[in-house]
Amino acid sequence: MTFVKPFDILNEAKGKEVVIELKNNEVYSGSLEAFDVHLNVALKNAKMISSDSEKEVGTVLIRGDALITIKNL
Amino acid sequence: MTFVKPFDILNEAKGKEVVIELKNNEVYSGSLEAFDVHLNVALKNAKMISSDSEKEVGTVLIRGDALITIKNL
Amino acid sequence: MTFVKPFDILNEAKGKEVVIELKNNEVYSGSLEAFDVHLNVALKNAKMISSDSEKEVGTVLIRGDALITIKNL
Amino acid sequence: MTFVKPFDILNEAKGKEVVIELKNNEVYSGSLEAFDVHLNVALKNAKMISSDSEKEVGTVLIRGDALITIKNL
Amino acid sequence: MTFVKPFDILNEAKGKEVVIELKNNEVYSGSLEAFDVHLNVALKNAKMISSDSEKEVGTVLIRGDALITIKNL
Amino acid sequence: MTFVKPFDILNEAKGKEVVIELKNNEVYSGSLEAFDVHLNVALKNAKMISSDSEKEVGTVLIRGDALITIKNL
Amino acid sequence: MTFVKPFDILNEAKGKEVVIELKNNEVYSGSLEAFDVHLNVALKNAKMISSDSEKEVGTVLIRGDALITIKNL
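Protein chains in written order, with this note's numbering: chain A, 1 to 73; chain B, 74 to 146; chain C, 147 to 219; chain D, 220 to 292; chain E, 293 to 365; chain F, 366 to 438; chain G, 439 to 511.
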């Protein structure tokens, strides 16, 4: 079995639309623009998603320790 | 007694179906695709499991500090 | 694909008006004056924004571990 | 007095049945299979114990920062 | 654009009256006497400020991870 | 004045009966058997103390980041 | 301006009576006996202070990450 790492998987998702769930229950979607070893993440054309609406927020940087999951990888 | 480490046990579980319990009470199951020393974990064909339903979420990366246990090792 | 990092994106936003959301639900806007690897951030001409008012707070330093997102990048 | 360290005590408990109390109030018992310097711990033949029942969970890895105490050492 | 850092801005504020907001909602003001890379801060002639009163507390050391913002820089 | 460190004081208390208060409000007493730089502590002949009872728990390892104070030094 | 650090100020307070406020709202006073870079602190002849009483607790070690402020420096 190859030694794929979580960051390899993130790296392949660059430019893709991902969904990020935060510890404060907020959810953001957007194009995965950048990330680092702390899981600080930048999304482009991001939207903040709630149960009944979406709000466009442009480019957003999310602090790594504030996020729980990154989906749609 | 041999000096087996928790990461050795995780390593043997690569490709197996595991269950991950998060600090926010969410539970994910999926094929263990990748992990690193921070316990950042990537699951493939993952499902988010609640008491009465399951939701398929594809490939998901879970931040290490958000998880409590990994079961089915 | 180039290897842009979250801090590269922050760096390009220096001097721009950004919006910072904190873990205690406070929101600050202001000119991005400085930041470091911990995401400690200094804003100039900052305002603390609530749902129905704004309060000018001059130059403010925000501790990195207190923030969730930086928007308007 | 000798300079015994907490990890020496854990090391002597390898293969023994221990009880682990987590910050989320869950309690696990099981055979101490492995641990590391972060107190990430793997238990074999583990059970999740509540006040009125036990649930077998096989081999489980517990993230170090999620646990409070390890008993029965 | 010069590479000013948050600590450069703090450094210029030494001896100035600053306002520090803590994670437990307490607010202190005082003369910025000292700080370090963890944002541990010492204030001289400090006051603890509540909505309807002020209490003089002399020289106080505030642990870095307990603070959210430093204002009046 | 000599440069005594908190760990020097702990070291002198090895084998003594100490009382440890945890962040989850639990209190343990026992003979201080071992500790390390993270303040992971092992107590021998430990008791978990509540307002109206004591429960013997044998040898217990307490994770450093779970404790607030060590008394009876 | 000289480069006084928070730990220089603490160092000058060794042997003095200080007051320490904890994140769990407890307050201790006592003679500052020892501290280290994590702000682990040992107090001698310490008292735990509540609004209407004081309880003598002898020598106490307080874990650095449990404290918010040190006063009476």
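Since the hints were derived computationally from the structure, they do not count as laboratory data. We put the CB at the ideal spot given by N, CA and C, even for glycine. It cannot be assumed that every hint is accurate.
To be verified - Computed list of lysine-lysine pairs in DSSO-like fashion (alpha-carbon distance at most 27 Å, straight line):
(1) G:K509 <-> F:K379
(2) B:K144 <-> D:K233
(3) A:K16 <-> A:K47
(4) E:K315 <-> C:K190
(5) C:K160 <-> E:K347
(6) D:K266 <-> B:K96
(7) F:K388 <-> A:K23
(8) B:K128 <-> A:K16
(9) E:K308 <-> E:K347
Stated by the list, open to error - Some but not every residue of chain G turned toward chain E, in silico, with C-beta under 8 Å:
(10) K482
(11) K485
(12) M486
(13) S488
(14) D503
(15) L505
(16) I506
(17) L511
Taking each numbered hint in turn, which are not upheld by the structure, reported in ascending numerical order?
Hints 1, 5, 10, 11, 12 and 13 are the ones this structure does not satisfy, whereas the remaining hints hold.
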